[in-house]
Every structure is written in C-alpha cells, then in structure tokens.
Amino acid sequence: MLDAKFRLRSHNQFLAVAVALGIPALLLFIVMLFYPVFQFQYSGSFLYLTFWITAFLSMLTEDTLETQAGVSFFIFFNCLFLFLKDKELDNNFI
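Position one of the sequence shown corresponds to residue 26 (my numbering), numbered consecutively onward.
Derived by calculation from the structure, the hints in this document are not laboratory data.
For glycine and all other residues, C-beta sits at the position ideal for the given N, C-alpha and C.
Treat the hints with caution; some may be incorrect.
What the hints assert, rightly or not - Simulated restraints on C-beta separations:
| # | residue 1 | residue 2 | range |
| --- | --- | --- | --- |
| 1 | ARG32 | GLN64 | 37 to 43 Å |
| 2 | PHE71 | LEU27 | 40 to 46 Å |
| 3 | CYS104 | ASN37 | 21 to 27 Å |
| 4 | VAL56 | SER83 | 17 to 23 Å |
| 5 | LYS30 | LEU72 | 40 to 46 Å |
| 6 | ARG34 | PHE71 | 29 to 35 Å |
| 7 | LEU27 | LEU105 | 35 to 41 Å |
| 8 | GLN64 | GLU91 | 22 to 28 Å |
| 9 | ALA29 | PHE59 | 33 to 39 Å |
| 10 | PHE108 | GLY47 | 27 to 33 Å |
| 11 | PHE108 | ASP28 | 43 to 49 Å |
| 12 | MET26 | GLN64 | 39 to 45 Å |
Using the sequences plus the hints, can you model the full thing?
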C-alpha cells in the first residue's frame with residue numbers, strides 16, 4: 026500500500042489516462058474524444074461544440090472522468106447533443 030501522502034491524483038485527465046493505461050490507450054482516448062467533433066464539424070452544432078469545449082477544458086484542469094459526477098456530465102450531455110443533432114438534421118429536410 027502507498028502512504029497517504031503518495032495517493033494524490035493528477036489534475037489532468039490526459040495525464041491520468043497515460044499513466045494508468047499507457048501511451049497507446051492515451052492516443053485511442055484522444056481519437057475517440059475528437060472523432061465526434063470532426064465528424065459533425067460541417068453541420069454546425071453550436072450546443073455540441075460548446076459542451077465539447079467545456080468538457081475538454083475541464084479535462085485539462087482536472088481528471089473529470091475519474092468521478093461519478095464527471096462521467097455522468099460527459100455521458101449525458103454527449104449523448105443528448107449527439108442524438109439531438111440527428112433530430113436537427115432530420116427536421117431540416119422536412
């Protein structure tokens with residue numbers, strides 16, 4: 026067991042992923058994080074882009090996905106805005 030003074034976590038999600046899982050997993054994490062942004066960049070979803078920038082900046086300053094609140098925030102809004110985007114595209118063609 027580590028002493029209590031060595032149990033502190035990094036305040037960067039990318040660093041936490043790299044240390045825990047390695048560089049290949051960090052690269053996969055970054056690709057999976059950026060994929061929806063590049064996939065929908067031409068459709069212009071302001072809400073999704075605003076959420077994504079907020080989540081990305083949060084991951085730079087703290088390990089967001091290491092807490093239940095952070096995971097719930099990311100999953101809920103990511104799914105909401107991605108599925109909402111599909112509805113916006115369908116409504117534009119009606």
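Each hint tested on the structure:
1. Restraint check, ARG32 to GLN64: a C-beta distance of roughly 38 Å satisfies the suggested window 37 to 43 Å.
2. For the pair PHE71 and LEU27, the beta carbons lie near 45 Å from each other, so the given range of 40 to 46 Å is met.
3. CYS104 and ASN37 have their C-beta atoms about 24 Å apart, which keeps the hinted 21 to 27 Å range intact.
4. Taking 17 to 23 Å as the suggested C-beta distance range, the pair VAL56 and SER83 conforms, at roughly 19 Å.
5. Checked against the given bound of 40 to 46 Å, the beta carbons of LYS30 and LEU72, roughly 43 Å apart, stay inside it.
6. About 33 Å separates the C-beta atoms of ARG34 and PHE71, a value consistent with the hinted range of 29 to 35 Å.
7. Between LEU27 and LEU105 the beta carbon distance is about 38 Å. The supplied range of 35 to 41 Å therefore holds.
8. Between GLN64 and GLU91 the Cβ separation comes to about 26 Å, which falls inside the hinted range of 22 to 28 Å.
9. Roughly 37 Å separates the CB atoms of ALA29 and PHE59, a value that falls within the hinted 33 to 39 Å.
10. In this structure, PHE108 and GLY47 meet the distance hint of 27 to 33 Å, their C-beta atoms being roughly 32 Å apart.
11. With their beta carbons about 46 Å apart, PHE108 and ASP28 fall inside the hinted range of 43 to 49 Å.
12. For the pair MET26 and GLN64, the supplied restraint of 39 to 45 Å holds, since their beta-carbon distance comes to about 44 Å.
When each numbered hint is compared with the structure, no violation occurs for any of them.
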